[in-house]
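Given next are the chains, with one letter for each unit.
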Amino acid sequence: QKEVEQDPGPLSVPEGAIVSLNCTYSNSAFQYFMWYRQYSRKGPELLMYTYSSGNKEDGRFTAQVDKSSKYISLFIRDSQPSDSATYLCAMKRSETSGSRLTFGEGTQLTVNP
Amino acid sequence: EAQVTQNPRYLITVTGKKLTVTCSQNMNHEYMSWYRQDPGLGLRQIYYSMNVEVTDKGDVPEGYKVSRKEKRNFPLILESPSPNQTSLYFCASRLGGYEQFFGPGTRLTVL
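Same order as they appear, the protein sequences are chains L and U. Its first residue numbered 15, the first sequence is counted upward by one per residue in this note's numbering. Its first residue numbered 13, the second sequence is counted upward by one per residue in this note's numbering.
I should point out that these hints are in silico values taken from the structure, not numbers from a laboratory. Treat the hints loosely; a few may be bogus.
To be verified - Using 30 Å as the maximum straight-line C-alpha spacing, the simulated DSSO-like pairs for lysine-lysine come out as follows:
| id | chain 1 | residue 1 | chain 2 | residue 2 |
| --- | --- | --- | --- | --- |
| 1 | L | K56 | U | K29 |
| 2 | U | K69 | L | K81 |
| 3 | L | K16 | L | K56 |
| 4 | U | K29 | U | K69 |
| 5 | U | K69 | L | K56 |
| 6 | U | K77 | U | K29 |
| 7 | U | K30 | L | K56 |
| 8 | U | K30 | U | K77 |
| 9 | L | K16 | L | K70 |
| 10 | L | K56 | U | K77 |
| 11 | U | K83 | U | K30 |
| 12 | U | K81 | U | K29 |
| 13 | U | K83 | U | K29 |
| 14 | U | K69 | U | K30 |
| 15 | L | K84 | L | K16 |
| 16 | U | K69 | U | K81 |
| 17 | L | K16 | U | K77 |
| 18 | L | K56 | U | K81 |
| 19 | L | K84 | U | K69 |
| 20 | U | K83 | U | K69 |
| 21 | L | K70 | L | K84 |
| 22 | U | K30 | U | K81 |
| 23 | L | K16 | U | K69 |
| 24 | L | K70 | L | K81 |
| 25 | U | K83 | L | K56 |
| 26 | L | K16 | L | K81 |
| 27 | L | K56 | L | K70 |
What the hints assert, rightly or not - Below, a sample of chain L positions facing chain U; criterion: calculated Cβ distance under 7 Å:
| id | residue |
| --- | --- |
| 28 | D21 |
| 29 | P24 |
| 30 | Y53 |
| 31 | G57 |
| 32 | G120 |
To be verified - Negatives, chain L to chain U, calculated, CB over 10 Å:
| id | residue |
| --- | --- |
| 33 | Q20 |
| 34 | V33 |
| 35 | D72 |
| 36 | S82 |
| 37 | Q94 |
| 38 | L102 |
| 39 | L115 |
| 40 | F117 |
Glycine included, every Cβ here is placed at the ideal spot set by N, Cα and C.
Just chain L, same shape as in the assembly (with noise of 0.2 Å):
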């Protein structure tokens, strides 16, 4: 079993939709959380980082950790064509550097004009 589960879509929206990505993990330990958004050719970029459970908003996007349920979500308001990539999260145990990042497999997301 993955220790991070994501769903890979493809997801296809309108413009201006909401959405929603997702991952569930089983490792308790993990603390730390991210979402990194991957353009087509590309490597990832950081997109948001968010420490334990809560809130974390930037913009339209806002990042969601739920540490009793093992999810995190990312969501995206009002989104624009210029959102279509592939999102990963990632999480860790600790802040330290020699913390190793786990993935998911990535969410294919489109947005249409």
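With chain L fixed as given, assemble chain U onto it according to the hints.
Quick look at chain U alone, frame taken from chain L:
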């Protein structure tokens, strides 16, 4: 510009022919790693290095070698590539904490 570079970006080779994929970062990061990305499996770590001359295995190290003789460079070596190593490879680096910077990727095909 702060970046991670990889070369080559695309490579087609044959089984058993040794190859090296180079990786270099200009951010003075201590931590570097190599990943492979495959459909249905996501990003999996191959090897990582916490500093010069310090390397360790990740999740899928079989068939790969690495070295870290200088802080900025972290080459990935396939001594005898096989078709199951056909994949998209990413080098990454970070100073500590959480933000990992990825290179643009190397698409490798082994025939």
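Go through the hint on L:D21 and say holds or violated, using the shortest Cβ distance to chain U against 7 Å.
Violated - the Cβ of L:D21 stays beyond 7 Å from chain U, reaching only about 12 Å at its closest.
Take the C-alpha atoms of L:K16 and L:K70, compute the straight-line distance between them, and say whether it is at most 30 Å.
holds, 26 Å
Taking the closest pair, is the beta carbon of L:Q94 still more than 10 Å from chain U?
holds, 23 Å
Interface-negative label, L:F117 against chain U, beta-carbon threshold 10 Å:
Non-interface label on L:F117 violated, nearest chain U Cβ at 4 Å vs cutoff 10 Å.
Measure nothing beyond the straight line between the CA atoms of L:K16 and U:K77; if it is 30 Å or shorter, mark the hint as holding.
Distance ~25 Å between L:K16 and U:K77 Cα, so the pair holds.
Check whether the Cα positions of L:K70 and L:K81 lie no farther apart than 30 Å.
holds, 14 Å
Pair hint L:K70 and L:K84, alpha-carbon separation not exceeding 30 Å
Measuring from Cα to Cα gives roughly 17 Å; hence the hint holds.
Given the hinted pair U:K83 and L:K56, is their alpha-carbon gap at most 30 Å?
Since the Cα atoms of U:K83 and L:K56 sit roughly 24 Å apart, the hinted pair holds (cutoff 30 Å).
Evaluation of the interface hint that places L:P24 against chain U, nearest CB under 7 Å
violated, 12 Å
L:K16 and L:K81 were given as a pair; does the straight-line alpha-carbon distance stay at or below 30 Å?
Satisfied, since the Cα-Cα distance of roughly 17 Å is no more than 30 Å.
Compare the distance between the alpha carbons of L:K56 and L:K70 with 30 Å, and conclude whether the hinted pair is satisfied.
holds, 26 Å
Straight-line alpha-carbon gap L:K84 to L:K16, limit 30 Å
holds, 13 Å
In this structure, the hints that do not hold are numbers 28, 29, 30, 33, 38, 39, 40, in rising order.
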